[in-house]
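*Asks:* Using the sequences and the hints given, assemble the complete structure.
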Amino acid sequence: MEYVLALDNVKKKIKGQEIIKGLSFSVKKGEIFGLLGPNGAGKTTTIRMIVGLMEISSGDIIVCGKSVKKDFSKAIQQIGAIVENPEMYKFLTGYQNLLQYARMQKNISREKIAEVVELVGLNERIHDKVKTYSLGMRQRLGLAQCLLHDPQLLILDEPTNGLDPAGIREIRDYLRKLTHEKGMSVIVSSHLLSEMEMMCDRIAIIQKGELKEVQEVNSLINDKHILYAFETGSLGEAMQWLQKHYELKKVDSGFTIKCQKTDIPAIINQLIERNIAIYSVKPISKTLEDHFLEVTAG
Amino acid sequence: MGNLILNEWIKVIRRKATLCMIGIMILFVIGFGVLTKFMDSQTPAPENNNWKQTIEKQLENDRSSLEQTGANNANLKMYYERQIAIKEYQLKQEIPPQNEMHMWTFVEDSQALITFAGLFTIIIAAGSVSSEFSWGTIKLLLIRPLSRSKILLSKYVTILLYGLFFLTILFVLSAIVGFLLFGAPADTVTYLAFANGEVVERNMAIHLAAQYLLSSADVLLIATMAFMISAIFRISSLAIGLSLFLLFTGNTATMLLASKFEWTKYLLFANTNLTVYFDGVPPVDGMTLSFSIIVLIVYLAIFHTLAFALFNKRDIAA
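Protein chains in written order, with this note's numbering: chain A, 1 to 298; chain B, 1 to 318.
No lab work stands behind these hints: they were computed from the structure. Nothing here was measured: the structure is a model prediction, and the numbers come from that model. Certain hints may be false.
Which residues of chain B face chain A? A partial, calculated answer using Cβ under 8 Å [stated by the list, open to error]: (1) L4; (2) W9; (3) K11; (4) R14; (5) R15; (6) L19; (7) G136; (8) T137; (9) K139; (10) L146.
Yeah, the Cβ is synthetic: ideal placement off N, Cα and C, and Gly gets one too.
*Replies:* As structure tokens, then:
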């Protein structure tokens with residue numbers, strides 16, 4: 001598997017205090033990678049180190065084979081980023097802003113700018129001053145700015161911040177398109193769990209400057225319905241049978257059980273045979289949020 | 001690099017504040033022209049038919065001053081020698097002193113407005129780096145495949161270009177206003193300069209352009225300082241405040257100190273007025289043009305080293 005970004009035991013010390021305590025992870029080509037963590041976990045600091053706004057205290061960051069520490073220009077050439085809010089020159093028009101960034105790269109044609117503007121859907125307003133833009137439009141202009149030089153890696157800090165549901169969906173679809181069609185990789189950071197769940201392929205959970213775990217989102221979703229809640233009357237001897245075959249937990253109104261969906265009819269049959277009243281059976285979806293709280297609690 | 005400078009130029013010129021500055025500049029020149037015209041019409045220049053006698057009298061005074069004070073002050077000696085040479089030349093070539101107002105005298109008088117060109121340049125210099133921080137755009141600016149030094153350098157060059165731009169506006173505009181209000185001089189006017197022990201006649205326009213540049217040395221240095229403060233502390237109000245304070249008080253304070261202490265000659269402001277080496281007396285005895293230039297270069301180097309070193313090093317947390 002080809003890696004677009006690799007962090008190797010990256011540490012950041014500010015005034016003697018270790019803010020990032022040895023982060024190592026890598027992002028594959030064409031994937032959307034989420035950085036998830038509570039406020040102050042070090043997501044933004046990590047992003048700032050990747051894009052060279054902050055110095056790396058120890059360890060190294062490799063972007064497409066180039067070290068951010070030693071070969072900054074070549075490494076950053078492959079990155080398009082929005083760090084925190086997409087702040088633009090408000091007294092310039094959207095187009096003039098893009099021209100500013102185009103002039104700082106080599107060989108960006110007017111056609112390329114037009115193409116990017118079209119992609120983010122700012123055609124109608126691109127010649128208006130940025131101060132008249134809504135937050136969502138600024139977000140899109142920020143995205144356009146990232147894409148001008150066809151980077152391999154997009155880094156978006158809170159990309160859906162301030163967007164309405166339609167806008168969020170648009171960004172999501174758009175990121176999917178970029179990763180699928182152009183093979184770009186994307187790093188998004190957020191504390192909005194449901195958002196991350198829908199957007200990302202893999203998620204790294206960061207807490208207090210440490211990597212807690214890296215999870216495939218699919219496996220989380222597959223895991224989801226493994227728990228079922230049974231609301232029943234008194235169980236009596238059925239309990240022993242259940243405990244013999246399944247992992248279960250007694251609760252006030254019945255029990256929760258870990259099993260496959262296909263096991264449910266068999267369990268219900270067994271309960272009916274033993275004359276146990278069943279009031280309801282429902283799957284308990286274990287959301288990313290539960291998982292996140294589980295991981296970060298420890 | 002050219003593109004970066006173009007970027008910086010656009011970022012300044014597209015702001016309303018900059019357009020205001022240019023507007024104020026134009027108004028000042030026109031206002032100053034009208035005022036000068038009014039004063040000139042109130043007190044017409046006296047016809048001076050026996051200018052030769054007047055100059056001979058002045059020559060006598062100069063000669064006696066040279067003998068008295070020139071003996072123990074090298075700079076004053078130089079000054080009087082220059083004055084005497086020029087006046088003798090005037091008598092010999094029969095060049096009467098200029099009394100009437102014309103466009104070039106107005107351009108010369110407009111030098112008083114260079115302070116405003118300086119003021120505006122300093123304001124631009126002070127905001128150059130710090131406003132990128134306050135706008136938050138520094139984060140997008142520094143994640144390009146360009147070194148921070150290059151970006152900082154392009155900002156500095158742009159400031160110099162704006163300084164030059166304001167000076168040009170002032171010069172050209174006062175030439176135009178001067179021409180419209182006072183007309184061109186009756187005869188071709190030349191400037192009498194004393195160089196390498198002899199008097200030479202110089203083209204007035206070129207002489208004045210050189211004057212404008214020479215008297216902008218203090219603006220250059222203070223703008224550089226404002227730029228440094230802005231790059232290091234990222235606070236434009238501090239950069240503007242401190243720089244303007246020095247611009248307005250620096251010269252006076254240095255003059256006061258210069259009469260008492262010899263070390264004053266190493267101060268920035270003792271060296272910023274380079275015109276004294278051509279037409280006046282330097283503040284401290286024994287100072288020369290090359291001494292001043294070296295001092296200025298040392299100050300520039302210190303400002304730049306500090307600005308570049310700290311700007312390159314710092315983490316951007318804004």
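*Asks:* Against the structure, test the hints numbered earlier, and report the numbers of the ones violated in rising order.
*Replies:* 2, 6
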